[in-house]
Amino acid sequence: MTDLLEVRDLRTWFHTDRGIVKSVEGISFSLRRGEIMGLVGESGSGKSITGFSLIGLIDRPGRIEAGSSIRFGGRELVGLDERELRGIRGKDISMVFQDPMMTLNPVLKIIDQIGMAIRAHEQVSDAEIRRRAVEALDRVRIVEPERKVDQYPHEFSGGMRQRVAIAIALLHRPRLVIADEPTTALDVSVQAEILKVVKSLVAEMGTSLIWISHDLATVSSIADKITVMRRGEIVEAGPVRKVLDAPRHPYTQALLDALPSRSQPGELLASGATEAAGRLDPSKLSGTAVGAPADPQFIQIRHIDKLFQRPAGLLRRLGMQLGLASEPARVHAVKSASLSIARGEILGLVGESGSGKSTLGRILCGIIAPSAGTVSVGGEPVMQGERKRGTKVQMIFQDPFASLDPRRTIFQSVAEGPIVHGLCTKAEARAYVERWLRAVAFDPALANRYPHQFSGGQRQRIAIARALAMQPEVIVCDEPVASLDVSIQAQVINLLMELRRHLNLTLLFISHDLSVVHHLCDRVVVMRHGEIVETGSASEIFHAPKQPYTRMLLDAIPRLAS
Amino acid sequence: MSAATTTGSVSPLAQFWRDFRRNKVAVVALTVVVLIVFVAVFAPFIVPQDPYDLKSLVLRDARRPPGYVGRDGMLHLLGTDSQGRDLLSAIVYGLRISLQMGLMAGAIAFTIGAVVGCTAAYVRGRIEALIMRIVDIQLSFPAILLAFVVAALLGQGKQQLILALVFAQYAYFVRTAHGAAAAERQKDYVQAALSVPMGGWFVITRHILPNALPPLIVVATVQVASAISLEATLSFLGVGLPATEPSLGMLISNGFQYLMSGRYWIAIYPGVALIILIMAINLVGDQIRDQLNPRLRK
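Chains as they are written, first to last, in the working numbering: chain A, 67 to 628; chain B, 2 to 299.
Errors might be hidden in some of the hints.
Unchecked claim - Straight line, CA to CA, 25 Å or less: simulated PhoX-like cross-link-like pairs of lysine-lysine:
#1 K188(B) <-> K454(A)
#2 K458(A) <-> K492(A)
#3 K458(A) <-> K188(B)
To be verified - Which chain A residues face chain B? A few, computed with CB under 7 Å, are given here:
#4 C431
#5 I433
#6 K454
#7 M461
#8 F463
#9 A468
#10 S469
#11 L470
#12 D471
#13 R473
#14 G483
Worth flagging that the hints you see were computed from the coordinates, not collected in a lab. Predicted model, so just to flag it, every value in this text is computed and none were measured. Ideal Cβ placement from N, Cα and C applies to all residues, glycine included.
In isolation and in its complexed conformation, chain A is listed as follows:
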């Protein structure tokens, strides 16, 4: 049998004002009917651009260069005009995108969106559309499809929306589906279900699938073969077992070694990061926590409640008086949470989106005032009324692209806090900032640049330096590695472990990624719907979970089959 898809020497370049960006540089691969290929790479590797190239969705200034060839079912796709491509898109090749919040039109009912997708290629009656829409939703295991087709996307959860997107992609029984990071934005438990649905559907329909992802573990749970990309080129390709067990290329090996699940908890991770970080220099660092006596009750969080409710406006209050309007909706983000953290401990706080873990972290840091309850660090309350007291608790945010002010230099960003709080004078600021930048292995010579000139990993190190420069005793880390590539993630995890050792820091590490938490944390707290479900040492939680919810979370972690 011949290959369904044969890509030869595909080159997709972007001709920008500032030169040519060679996003995809001469890659070749083939895919048989019914085969599932995992396309793996870090950000900037060109894996998504490869997917877009196959379906002809490359916009100017990008273009597929001459000499490239994409043969699909014996037909050459490169050079087809827009009309011919539209005939193929959705019918023979379809695509599922990363963010289900963005791919569905929020003002159209599900049935209308499905109808549009059907009528793009076929003339059918309204009754037939309804029948097929119900069938499509049923196929992706959405319960009560007859009722759900008449709903709008906002009535669906993220995972359900992604199912709808998958249902739409499969409407015309395409021969190839390209899925671009379809589960990255979803919780692990939802991801596990989606993987199951897709796997069985693809097998049932005989569809070929290209699953683009940065996550080797997810890919290995679904794919037959793996193709690893780096800087627009394929560095390794082969059956899943072979690539994972005996990788030939050092880059693949480095990607595997950077996975926390592949090494012993607490060990430094091997990082084959493309951008090398210098050695961190912990000399000359100081902090009030260094040498502080042990204190098992160092951080005390007592009966914290947090209600989010918009204040009712004048009209609304009037309406409520007359019985015409209801009270504004309330969200009970944290319900009576109590926990303590010992000095020098790393406590992992895990839970799915909406579990209230970030809110609890921000309450500990003093950004949000709790509705009830107290938080104290070393016996002193963190907040006084609505205001934060002191600088003992600092925070590192998830997205290093958002947490640094784009209009301030690295030096300004790191220096402003220490200057205002008298940790250094304006005159000493240079030397002071340099010391902390060195501590996170960031070249101080680059301190006068702006954040946009740095990569995600570098920015996250800057953000860590900014937190450290306040000489905190506690750092709240809100998903600090969630938006980073695995190799960079390994660097940042190593950095946090080293810093904790040198500075005797206490960390609250908020994450949805259980394998990272397992690697890094001493103790783990599991949250669900604002409540603390289970607390225990890392080995207890991971090897003998007591609660069914914890067990479910653990089972949902995609693992590298070994």
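Please build the complex by placing chain B on the supplied structure of chain A, with the hints as guidance.
Then chain B, alone, in the frame of chain A:
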């Protein structure tokens, strides 16, 4: 592409100018604006006659057509007005006043708007609601009406007029600054600064304001142009500047009565000057807006 934006070490400003240069119309408009500003600043050294110096006016030369050579041998390129003023000189001085009014009013309204808008977005709650409702009420009246009432109440004079213009326009700046600042307020870098904790005023001036500037700059260009036309309108209607300091609006108003008697130039040329000035400022503003709006960026 992230790869493309991180390469090259050109400063943001140099890159901005490089993109700006690509639009030829905008470059021409900018040249016109710069030229007008230059002429307005150095007016006393450029124009043939000081229109404020009543001694130099020859009443017998009044209402002469363009190209007329006066009794003292002076060439009136654009003719003379009803008091024998050289119209070209009067227009240049008029531009000078119009620009002064527009820029002063724009700058003051900008400052008020930026500070009030950002502060409102920062403090949230009742104060924010109060400020924004006042602004909303103001915005529901036409700017010309507000300016007219204030100008009429305060009487004639430069300061009074600037005050009237500021009063008519500051609400636009507050609205824009508030919108941009409210978006910045949500972002992590503001949260990060608050978690240090940094003081509110520090966060507003060092973090929120600089990041809310781009849309404000765009509004500023448009508002300076509209302040100039507002001033001209008020002066035309007689509640603007005193007759001793003829702005473009007053020149047009003076010439208006002669339009029907064939002496078109007294009203038309100041009008043309006004149109060119406002159009040029608007075109420059459009280009800046296009460049600062990532959605329109190619």
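Taking the numbered hints from earlier one at a time, note which ones the structure violates and give those numbers from smallest to largest.
Violated: none.
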